Structure formats: structure tokens, C-alpha cells
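A.B. asks: Chains B and C, in that order, are what the protein sequence lines are.
Each residue of the first sequence is one higher than the last, beginning at 1 in full-length UniProt numbering.
Each residue of the second sequence is one higher than the last, beginning at 1 in full-length UniProt numbering.
Please note: incorrect hints may appear among the correct ones.
Simulated crosslink set (DSS-like; lysine-lysine; CA at most 27 Å straight-line) [as the list claims (entries may be wrong)]: (1) C:26 <-> B:99; (2) C:219 <-> B:74; (3) B:14 <-> C:219; (4) B:99 <-> B:88; (5) B:14 <-> B:88; (6) C:154 <-> B:14; (7) B:99 <-> B:74; (8) C:154 <-> B:18; (9) B:74 <-> C:154; (10) C:39 <-> C:52; (11) B:88 <-> C:219; (12) B:14 <-> B:320; (13) B:14 <-> B:74; (14) B:74 <-> B:88; (15) C:219 <-> C:154; (16) B:74 <-> B:18; (17) C:39 <-> C:26; (18) B:14 <-> B:99; (19) C:26 <-> C:219; (20) C:219 <-> B:18; (21) B:99 <-> C:219.
Just so you know, these hints were derived from the structure itself, not from any lab.
Nothing here was measured: the structure is a model prediction, and the numbers come from that model.
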Amino acid sequence: MSANNVLLEVDDLKKHFKVNQGWIASLMESFGSGEPDYVHAVDGVSFELREGETLGLAGESGCGKTTTGMSLVKLHEPTAGDIIYDDKRLSEASDAEIKQFRQNAQMIFQDPFESLNPRMTVYDTVAEPLRIHDIPNETARVQRALEFAELLPAEHYFDQYPHELSGGQRQRVAIARALVLDPDFIVADEPVSMLDVSLRAGVLSLLDRMTEEFGLSVVYISHDLSLLRHMCDRLAIMYMGKIVEKGPTDQIIENPQHPYTQSLINAVPVPDPAVGRERVELQGEVGDVIDIPSGCRFKNRCSEYIGDVCDQVVPPLEQKTEFEQDVACHLYESAEGYDPYEEMGGSPSAAETGEGAESTPADD
Amino acid sequence: MAQEEQSSRSIYTDIDDAGSDEEINKWQRTFRLWRETLKEHWGLLTDELSVKLSMLVVAGFMLIAIFAPFIATHQPLQRQYQGEAGIIIEDWVEPSLLGADTEYLLGTTAEGFDIFSQLIYGTRAALLVGLVAAIFTAGIGTLVGLVAGYYGGKVDDALMRIVDFLYGMPLLPTVIVLVAVLGPDLWNIILALIVLQWRSTARVIRSQSLSLRERPFVKAAEVAGAGDWHIISRHLAPNVLPMTFLYGSFGIAWAILAEAGISFIGLGDPNTVSWGTMLQASRAYSALSFGAWWWFVPPGICIGLLVISGFLIGRGYEEITNPKLQ
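The shape of chain C in the complex, shown without the other chains (with noise of 0.2 Å):
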């Protein structure tokens, strides 16, 4: 073989002057690697019970929110019947579910409003806060953190600076503030999540890009001539996705039960039914001193499921991304 250093420096130049019909396609191959991984991944985490418990919840809850109009009885917002003078009834229907005679499944609330109805469309908002604002959080705190890990210096120390003062902000005060500044929306509320959140990703990616950036295949990405966008798509993001998606599925938990907090308070949407703002509602006409415990019992639950569900899957995925935790 040695002979060939005289003829041609490359052994390259046989393949440079005739070409090669032989070629990858590049997408395919991506699109079937992604497709094992994600068929690896899923197979992983569909392993445990607990975990393929909680997904069947969260499918569950999704279909529901989907089907909400076909599922629910009646309209969740329209009173069921008025009082003598036409002013609220402070007066309540027992769920049929318990053998009374009507036509409410969990009965109505004080305000004349069908809970089973009000439970399906809250469905709705939960899933609706917890999605849109997991994904911005995870997404935001993801490209924070890994353009101040990347870049380091000043542009760490100043996004990081920004990470400390949202720090120091206490999560539900400053959701409430700016929930009253901006308005009972569920929009404004899912903006006032997401700029709290992205906070914690921002700071754990950040850490994991720090280290990722000085380990060797990054400087031979540099030595081969990759520049900045490069390194950090192809790979820093790639070794922090699965961070991304644990913090995306606690996000979602989070983002659900901080706004049934809000709701509770009393700065929820008036205009969309909530668990959140059914618990509110129940607590302003005090069912639990008259014992209308079906009113509140079922919005809890349901949050509690849903909450319990998130986080389980997020517990699942951090035992496949971080192997210690077995």
C-alpha cells in the first residue's frame, strides 16, 4: 500500500475524479434514526406501570377535552333553571349519580350551572394552560440556556442576570399582579406562566451546555470548522433534548396547578369554565358548610389526576435520561 504515497497523496482522488453513484439520502436516514430512537425511548417508558397508567389518564383527558361538546350535557355557562325573582337561586341540584331524581349527572351548583358539563369543559383549560405553557416554557428556558452556555462571557452573565431577577420572584404574588394588571384572561395567564417559568429550564440547560461546549466533540466540531449555529443545533441541543422534555412534562403539572391557584383566588377568566374557577365559585357560596360536596370534590380530583399523571411521566422519562435513578 505504501507505493500509492508516490502516485497520489489522497486516497480520496479515485473517488473525487469518477464520483460515486452510491449516495445516502440524507433525510431518509434522518427520519429513520429519529424513528428508532423515539421507538427506543417510547419503549422505555411505556415499561413501568405507573407510567403507562398516567398516560392512559392523560389520553383519557385529552379525548375528553377534544370531545367536549358531544360529551357534555348541557352548556356549561347557561343557567339550568331561575330563581322566583330571576336573581342567582342559592339553591342546588343533587346528582343523579346518587339516585336523585333529575337530570344532572353530578348535579348543579348553586348558580344553576351543570358541574358535569362544567368538569368537561374544564377539561379544556387545563390541558390547554399546561400544554401552550409547558411548551413556551421549555422551549424559551432551552434557547436561553444554551446561547448563554454556548456563548459564555457577557452574554451569560447578562441573561443570567435576567434569570436571578425572575428569581426573585415569588411565582403566584407576581402571576396574581400581573394577571390584575393585564386582565382575567386564560391567555394573560398562560403568558404570566410563561414568563416565570422558563426560568429553571433556562438555568439546568444552561449548566448541561456549559460542560457539553468544553467536551472534546465540540472542539473537534470547531478543529473540523463548524460555526456557532452548528455546534449548537447539531450538537449541544441534541444532548439536552431529553432535559428539555422532562422539564416540558413538570411544566405542564406545574403550569395546571398554578393556574387552578390563580382561579381560586378569584383572578381566573370569567368567561371559560376552569376546575380553577369551579372551586372558587364553590368556596364563594361555601358548599362545604352545606355539604355540597359534589360540587368541589370532582374539579379536585381531576386536577389532582392530571397533575399526579404529568409529573409521573416526568419522573419515568428522568429515570431514562439519567440512569442513576433506577
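Just chain B, with the same shape it has in the complex (with noise of 0.2 Å):
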């Protein structure tokens, strides 16, 4: 972390998705018979970018995280929420500061076979964005942008289709072509998941340059709870659209508070047999995102559920006064003083009950 300077700030950001049910339905609903159902995709995430910073944003498939991705560098116009980049609330940005945004934000893709067309070649791929916006020594910069990425050299790659190249070097391809516009900030969906094991270390150090050269912002995107761990500054933890851990990576991985986060890195294969460990598997599915259930979301799967402020009441994303990291969970108590049991209306006897079962006697 260079500097503590806030470069973007994600304020509740939602992204619901309108489940499409064909035009017939869609034109009884104009006319007031029944309503929309709505994926909530993502429902009111927080956080902050710093600049120069690595966020991880993880959980499993289907929380809302690359949609999460998406919408930062405006691929999706957010439901409701907004994106605060360089103190101005995208939602109000000119036309002008929206192109300026766009070329300060850029992404890389999971699929790098997909990512590149396939009937341009490296060299006008990577000098698109320079096209688009403009950009004046297009040849130079794009060839030090292939240099940097690593494609030596740069010249033999110029002509080349993407179906010549291996997965590894349309990788870099893609990381050259979203460095060439030399951005504020940077997400990376799922960056090395497509690649073949022996390809990873590669890209990763590349990217690893990438932060550190450039002075980048990024946000990582993974399942891949060990990649997040090397790559990382901070880390968020997704489920079912909502935040429900973050905090400075070491602490989250040595000391998972929220169950979910705790079952997650539970799950991650240690490359020792002797080391026996309890494991907490998590039981039955992702929640249904159409309907969202009431109270936690995690509340079906989790192991340490606790009554009825786990099913009334949603848990928001808060200090808590033990540890460093922000979690969602009613386990913990507010650092300000937030009381789950106020909203419940009152039913002081549920919540005595309901932490007498658990183990954190610290709570009282």
C-alpha cells in the first residue's frame, strides 16, 4: 500500500436482474397482472479501493462476484448503489468523465480464449483502446505494452491471429491490452483459472509486476482462496450478493470469523497428510436469489445458526469488538453498539436463549 488515498468507493451497490419470461408476460405485467421476478446478482456491497491497493473478492459460484467485477468497470448499470471514482458519483459523471473513467478502469477476463476476437490480431487488439481514445505513438506504447507482458519479441507478435498463440500467451495478450491505456485501476476476473497449472506461476508474477510498476489498483476475482492470499492486500468475502467478511487478508485466512468464511477456507486443500484437521463441510446449496430468504442468507447452511435473529434479522457488515476484520455475523457483538435484538421487536428471552446455546460467552 503506497498511499491510503481512496480511489473508487463502492457505495451499496445493487444489481438485480430481471428474470426474463418472454414478451407475452412481460406485456401483462405493463398492464398490472403480476410482477417481476429480480436475480439479486449483487444487493448492497460496499467497500473501498485504495489507490495502489489489491482487493480479493471471493466466495463460490454464483455470489455475485463477477457481476460485482462487471459493475465497477461499468459493464452494468447498477440497480441502485453507486461507484464514487476520483470524488464523482458515476451515476452523475458528464459523458466526458465517463470516457475518462474508461480509460482509467479495465478488466481482464477469465477465458483468454474467449477474451480475444478471433479475427484480430495481437497488435490491433492491443491498440484498440489506444484507437478509441485517441491516443497518440500507437505502435511505440503497443509494444511496450507486449514487452511488458512479457511477449519478446514484440514484433513477431504483432501479426499474429489468437488461434496461433498458446492459452498462457493470450493471456498476456489481454493483460498487454488492458494495460495499454496505462489505468488507475484494474479488475481481473478469475485471471489464471482457464490456465494450465504450469502457466499460472507466470501470469501471476506477471501481474504481481503489473500492481507494483504501475502502481495499479486491482481486484482480484477468485474462488481460489490461496491465490487471493498471495495476491492480496485486502479480502472480501461474497455470499449470495453480499459482503460477508473483509478485512487484511492474513487476518481473515489465520482467523475466519464468519462461519461461511470459516467453512471456505476449511475447504482448502493442505498439501500435508499428516495434518488432520476438523472439517466443516458445508451442507445443501446456495440459497434461492430470486426469493431472498429473510434475515441471514446463510442461515440454512450454517453451523453455528442461533435462533430466531439469525431468520428475522439481517445482519449487517460491521466492526466488531474482537478482531480487525468487518463481519455480518450475529455471533459477534457491534463495536457501535448495533442491537440485532431491537429489530426483532423486543423478545429479549429468544436472544438469551439463543446465545446461551452458543460458545462466546464473550458476547455478554
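Bring the two chains, given one by one in their own frames, into a single complex with the hints.
C.D. replies: What follows is the structure, encoded as C-alpha cells:
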């Protein structure tokens, strides 16, 4: 972390997708009968990205981490909430400011076989952002970007088509394309998960160099916690469109607090057969993202379920008294004095029995 | 390298400051890449014998069409002789090709027209209909498909309902009605064919661009700030272009067949000679029952040859664009 200036602030971002029911249903809706269903892909996510910081977004498939990443680079228009870049709200930004933002926000995609146009040469692919933004010295910049991505000699790759390249080379081209505009931050969506294991280390060290030499802020999206631990300064764990735990990487990996984070970290294999550990396997499936359950979204799979409060009150992501990271769970006491039981309509007896069953005496 | 970070945040600073003298000429490069792609496709296409033969046939017909006035021995719509009372003669001259002692290579029709010259001039009509109709159907279909597929939503709905409506109209009867309303003119036939035939190209191109626009390389262009037109022209169009060519080459064959069919029914242009009108005339004069096969066999063969060649070329190109067929 070179500076603590906040580059990008995500404020209660929500992205809901309408479930497509065909045109007859939508016609009936417009006449007032029936309500559309929404997939709550991202449902109130807030975090900030500081300059030069790497932030990891983790969670299982379908938890909304990719949608969050796409919203960050304005591939999706948020349903609610906002992104604040450079002290400007993007929802109120002018066209010129949006263009400026586009120049400074780039994305690296998961699948290098899909993220390059099969009918464009490497040179055209990398030069495209420069042409869009009318930036001079095209050839020299493209060459520099390719060289940075360790595609050497760069001229050799100019006229090659994606199908002539290996997966690792393609991902390097994609990285060069993201870097050629000299952006402020990059969203990397599972940047190495489609690559051969043997190529991953090379691409990862390239990404590492990228953050260091460009002073970039990077949002890594991945389900691979060991990768995120290696790459990120801070982590945010997502579940069903919400962040459940957020904080410094080492804190979260070594001392996870949310039951979901605990089970995620437990699932990471340890390369030592002698290490025996208690396995907490996650039961059941991710809940219904269309018909969101009340209260805590994790309650049905939670091993530490403490009763009505989990059923009725949505746990806010907040600072807790005992540890550094922010956690969205009723198990721990809020540092700001928020009391979830008040919201239940005052039934302290239920709260007490709930907590009595728990082994968290520090809460009392 | 990490020390650089402190001095300059960008690895491009020196480029921006100093400028660079070396810049690749964009047009030269684009031209060279296009030439290479075309050469490669041409090589693949002519690799197959059937495609090579078909191309020779089409090229031959094209030469004939271009040099028709020099090849034809007579005016195609000029009576070669008059009957006794100046009325239509119902007598034909046998072809000299079969040993008859006349100047007419393929004989004459019952109306006294030289069949060989009609055949030569008929090539012009066939190729005109085929090429113009194919270019416009493929062009309109591709444009509509790209717009519908890219924008989706209401634009897509509106355009696809038009296509659905057109799909509800049977090809030949509709063309017949249109030609009957607009008048039997070759250009009206072409227009009617274009109006009805872009539908299938539009459907296919739409489905292609629907899936293309969700591909990450389109997203990457969006992230870089590309506008709608940029994405359609640089990312979608080049990827559907092989499909456009394919439908274009099939379109040639369909258009020629349809024109022959319409002319055969009697709705052809009376002022131009086409293979279809030749067939229609031969039927009207019952050439078949009089055994005057030299009247209707040559145009039939020509139609068959050209249509089959068109399909074979299309098929060969399909194998290039869709390697699964090989």
C-alpha cells in the first residue's frame, strides 16, 4: 500500500437482473397483473479501493463476485447504489467524465480463448483501446505493453491471430490490452483459472509486477483462496450478493470469523497428508437468489445457527469488538453498539436462549 | 525495475514525452492482412475439385454474359423468318449441330427466334438476377441481423416480428402477386425476391450476433470505451462475414431458380430473354409433344449447371467456415 488515498468507493451497490419471462408476461406486467421476478445478483455491496491496493473478492460460484467486478468497470448499470471514482459519482458523471473513467478502468477476463477477437491480430487487439481514445504513438505504446507482458520480441506477435497463440500467451495479450491505456485500476476476473497450472506462476508474477510498477489498484475476483492470499492486501468474502467478511488478508485467512468464511478456508486442501484437521463441510446449496430469504442469507447452511435473530434480522457488515475485520454475523458483538435484537420487536428471552446455546461468552 | 515506480507512475512516460518516429501505416497494414486472409480462404476453397469445377462454370457463364453481343449469332428477339401470312409461324428449324443444313446452331423456336442467341443472352438475365438479388439479400439480412442481435430488446423484437411476418409468406406465390401488381419487369422480379429472401439471412446473422455480443472480447471492447458502431463494425461484422458470404452464394442459386420459376409461369419480363421465358415459350408451343427437345433442354441444362455450381461453391465455403462439416 503506497498511499491511503481512496481511488474508488463502492456505495451500497445493487444489481438485480430481471428474469426473462417472454413478451406475453412482460405485456401482462405492463397492464398491472403480476410482478416481475428479479435475480438479486449483487445486493448491497460496499467497499473502497485505495490507490496501489490489491483487493480480493472471493466466494463460491453465483455469489455475485463477477457481477460486482463487471459493475466496477461499468459493464452493468447498477440497479441501486453508486460507484464513486475520483470524488465523482458515476451515476451523475458527464459523458466526458465517463470516457475518462473508461480510460482508467480496465478488466482482465477469465477465459483467454474468449476474450480476444479471433479475427483480430495481436497488434489490433492491443491497439484498439488507444484508437478508441485517440492516443498518439500507437505503435510504440503497443510494443511497450507487449514487452511488459513478456511477449518478446513484440514485433513477432504483431501479426499473429489468437488461434496461433497458447493460452498463456493469450492471457498476456489480454493483460497488455488492459495495460496499454495506463489505467488506474484493473478488475481481474479469475485471471489464471483457465490456464494450465504450469503457466499460472508466470502470469501471476506478471500480474504482481503489474501492480508494483504501474502503481495500480487491482480487484482480483477468484474462488481460489490460496491465490488471493498470495496476491491481495485485503479480502472481501461474498455470499449470495453480500459481503459477509472484509478485512486484511492475513487476518481473514488465519483467523476467519464468519461461519461461511471458516468453511471456505477449511475447504482449501493442505499439501500435507499428516495434517489432520476438523472438516466443516458446507451442507446444502446456495439459497434462492430470486426469492431472498429473510434474515441472514447463510442461516440454512450455518453450523452456528442461533435461532430467531438469524431468521429475522439481516446482519449488517460492521466492525466487531473482538477483531480487526468487518463481519456480517450476529455471533459477534457490534463495535458500534448495534443491537439486532431490538429489531426483532423486543423478545430478549429468545436472544438469551439463542446466545446461551452458543459458545461465545465474550458477547455477554 | 521496481525503482522506476517512484520516479514515474507510467511506463509510457518517455514515449509520450519524446514521441516516436516509428508508426505502422494503418491502411497498408489493414490491406496486407485482408489480402493474406483472402489468399488463405481462396487457397482452401480451390483445394477441392468440385469447387474448382464450379468456379470454372460460373466464370465461363460470366464471360458469356459479358461478351454476349459478340458470341450470339443473331438478335435474340428478332424473327428469323416470316410465315406466309405474316402471322406467327408454328414451324421450327432443326439445329445445325445435329447435321441440319441451316445457319442456326441450336435451331430456332416456333416463333422463329434463334435458340443459341437466346441462350447466350439468357445468361445475362440469370446472372443479373442472381448477383443483384444475392448481394442485396445478404447485405440487408446481415445489417438487420447485426442490429437486432446487438441491440436486442425492443429493436430485436420489432425487427424479428417483421421477419416472422415475411416467413409467413410463401416465396413463389408472393413473388407472383408482387410481380403481377408491379408489372412483369426483370427489376420487379429482383425486387420481389430481395423483399422475401433477406429473412433467412437476418435470422441466422441475428442468432450469431446474439451469442457474439455476450463474448468477453466484446465486453473488453466495451470496457475500453468502444461505442455501438465500433463494436458492430469491428467485432461483430468480421465474425459473421463468412456466414454472410455463405448465404450470399446460396442466394445466387435460389434467386436464379425463383426467376426461372416465375418466368416459366408466364410472369417473366416479355422484353428480356431469360432461360425461364425460353422454357415458358417452349411449353406454350408444346415443344415437348412435337419432339422439339432442342428448344427446352439447353436452357434447362444451363439453369441446372449454374444453380448446382452456386450450391457447390457455397457448400465448399461452408466447410471452411464450419470445420465440423469436413
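A.B. asks: Each of the hints needs a verdict: does it hold here or not?
C.D. replies: Now the hints, each set against the structure:
Restraint check: the Cα-Cα separation between residue 26 of chain C and residue 99 of chain B comes to about 24 Å, which is no more than 27 Å; the hinted pair holds. For a cut-off of 27 Å, the pair hint linking residue 219 of chain C to residue 74 of chain B stands: about 10 Å separates their Cα positions. For the suggested pair residue 14 of chain B and residue 219 of chain C, the alpha carbons sit about 20 Å apart, so the restraint of at most 27 Å is met. Our distance criterion of 27 Å between C-alpha atoms is met by residue 99 of chain B and residue 88 of chain B, whose separation comes to about 13 Å.
Under the criterion of a C-alpha separation no larger than 27 Å, the hint pairing residue 14 of chain B with residue 88 of chain B is consistent with the structure, at around 18 Å. About 25 Å separates the Cα atoms of residue 154 of chain C and residue 14 of chain B, which keeps this hinted pair within 27 Å; it holds. Between residue 99 of chain B and residue 74 of chain B the alpha-carbon distance is near 11 Å, which keeps this suggested pair within the 27 Å criterion. For the hint pairing residue 154 of chain C with residue 18 of chain B, the CA-to-CA distance comes to about 15 Å; that is within 27 Å, so the pair holds.
Note on residue 74 of chain B and residue 154 of chain C: the hinted pairing holds, with a Cα-Cα distance of about 22 Å set against a maximum of 27 Å. Straight-line distance between C-alpha atoms of residue 39 of chain C and residue 52 of chain C comes to about 15 Å, which keeps the hinted pair within the 27 Å bound. Note on residue 88 of chain B and residue 219 of chain C: the hinted pairing holds, with a Cα-Cα distance of about 24 Å set against a maximum of 27 Å. Between the alpha carbons of residue 14 of chain B and residue 320 of chain B the distance comes to roughly 24 Å, so the proposed pair stays at or under 27 Å and holds.
For the given pair, residue 14 of chain B sits about 13 Å from residue 74 of chain B by alpha-carbon distance, which is consistent with the 27 Å threshold. Note on residue 74 of chain B and residue 88 of chain B: the hinted pairing holds, with a Cα-Cα distance of about 14 Å set against a maximum of 27 Å. At roughly 21 Å between alpha-carbon atoms, residue 219 of chain C and residue 154 of chain C fall within 27 Å of each other, so this suggested pair holds. Under the criterion of a C-alpha separation no larger than 27 Å, the hint pairing residue 74 of chain B with residue 18 of chain B is consistent with the structure, at around 18 Å.
Pair hint residue 39 of chain C plus residue 26 of chain C holds up; C-alpha atoms about 20 Å apart against a cutoff of 27 Å. A distance of roughly 23 Å separates the Cα atoms of residue 14 of chain B and residue 99 of chain B; the hinted pair therefore holds under the 27 Å criterion. As the CA atoms of residue 26 of chain C and residue 219 of chain C are separated by approximately 24 Å, the hinted pair is consistent with the 27 Å bound. Under the criterion of a C-alpha separation no larger than 27 Å, the hint pairing residue 219 of chain C with residue 18 of chain B is consistent with the structure, at around 20 Å.
Note on residue 99 of chain B and residue 219 of chain C: the hinted pairing holds, with a Cα-Cα distance of about 16 Å set against a maximum of 27 Å.
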